[in-house]
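For the record, the sequence lines run as chains Z and G.
Residues in the first sequence are numbered consecutively from 0, following numbering that gives the first Met the number 0.
Residues in the second sequence are numbered consecutively from 0, following numbering that gives the first Met the number 0.
Keep in mind that the hints were calculated from the coordinates and are not lab data.
Some hints here could point you the wrong way.
Unchecked claim - Rough simulated footprint, nothing fancy, chain Z against chain G, three-plus residues with beta-carbon under 8 Å:
| hint | segment |
| --- | --- |
| 1 | 46-53 |
| 2 | 146-152 |
| 3 | 173-182 |
Even for Gly, the Cβ is constructed at its ideal location relative to N, Cα and C.
Protein chains: 2
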Amino acid sequence: MQERARTTRRSLLEAAAQLFAEQGYAGTSVNDISARSGRTSGAVYFHYASKEGIALAVVQHRFATWPQLTARYADAAVPPVQRLVALSYDIARALAEDPLTRAGARLWAERATIDAPLPDPFALWTAAATRLLAEARNAGDLAKHVRPGPTARTLVRAFFGLCSLTEALEGAATVTDRLTDWWQLTLPSLGAAPGIHPWDGAPAGE
Amino acid sequence: MQERARTTRRSLLEAAAQLFAEQGYAGTSVNDISARSGRTSGAVYFHYASKEGIALAVVQHRFATWPQLTARYADAAVPPVQRLVALSYDIARALAEDPLTRAGARLWAERATIDAPLPDPFALWTAAATRLLAEARNAGDLAKHVRPGPTARTLVRAFFGLCSLTEALEGAATVTDRLTDWWQLTLPSLGAAPGIHPWDGAPAGE
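Just chain Z, with the same shape it has in the complex (with noise of 0.2 Å):
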């Protein structure tokens, strides 16, 4: 792809990201995604065909940048439970505050009224945090009857219920103290060694 095309279609992504966030699908026009990204609707139709393909690009995107925030919880060095609940903070920080996550969050939500296949994170959740488990019962720090592949599948949709719940009744602000409470109110039964605690996950400061 030429260098114009290419910051064409990513200023049009980063506005159709903003809006879907802000606005949700059914509330963001062609028109609205043209008027924020400073194009023309036809540059619009031209890369995107769609309003439904410039939300598949979205959420594709979004995807894009899965494998490098993964890269980061690869070292061997920082036990396997504590890196999969920075993943986790990560994942939660992304959701409150990145445009894309939120975007692909939102419509995922709206995928009802959406005419397009859109996929889904949680595949690459689950995948990445029964890793980290299966490291982790390597290195014995899971209790025996914890199964990576199910406790994985049940973590991610615990964890995605919470925030999405807390940052709806609550706001985006409080997302980050709500997953303390749940991992504190978690790991305890993965039977993950004592000295691994929620907030070592979190940055300095939170």
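With chain Z fixed as given, assemble chain G onto it according to the hints.
This is chain G only, laid out in the frame that chain Z set:
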């Protein structure tokens, strides 16, 4: 209210709940509600003034059944944590099967597109869970650091996320099994008496 008016309202509410649960708010028209209930759309407008009005009535009608449900969990002879688990299975089953509850959950998910102040069930659920956890604490069934209020808040959000995400990803039939996975992961952290198992809350055969 006259008996005949009551019958009409009930049939309108049931039709509206089914349609909202199946097709969502935007996908349901007053004409659809009229056709499904076998009443005229004039009857809808006479009793509820607007589509927003009937959505609100569906949610309020569902709330009205809550005291009956919680009354079933007041038996002091049953350990309170076990009653909490049983209540969660009842709510999960209603979310999977009861049209009024399903409509309420879908309307809540679509609240941004509905021009009416829809109450949410989470405060009621959290109050009930707080009460049961406080009873459990008095009975010595909780770990010392588990505070009823914040723990109830965390449990309710994780529970609802688990149920709704499980239904979206795997279908309603799997919700009970996933709820059992979740309680198995969560109960040990509560420090609940070791004799209480999550499946005690599920009816026989599930």
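Here is how each hint holds up against the structure:
1. Counting residues of the segment 46-53 of chain G whose beta-carbon sits less than 8 Å from any beta-carbon of chain Z gives 0, not enough to reach three: the coverage restraint is violated.
2. Here's how the segment 146-152 of chain G fares: 3 of its residues keep a CB closer than 8 Å to some CB of chain Z, so the rule of at least three is met and the hint holds.
3. Counting residues of the segment 173-182 of chain G whose beta carbon lies closer than 8 Å to any beta carbon of chain Z gives 3, which meets the minimum of three for the stated coverage.
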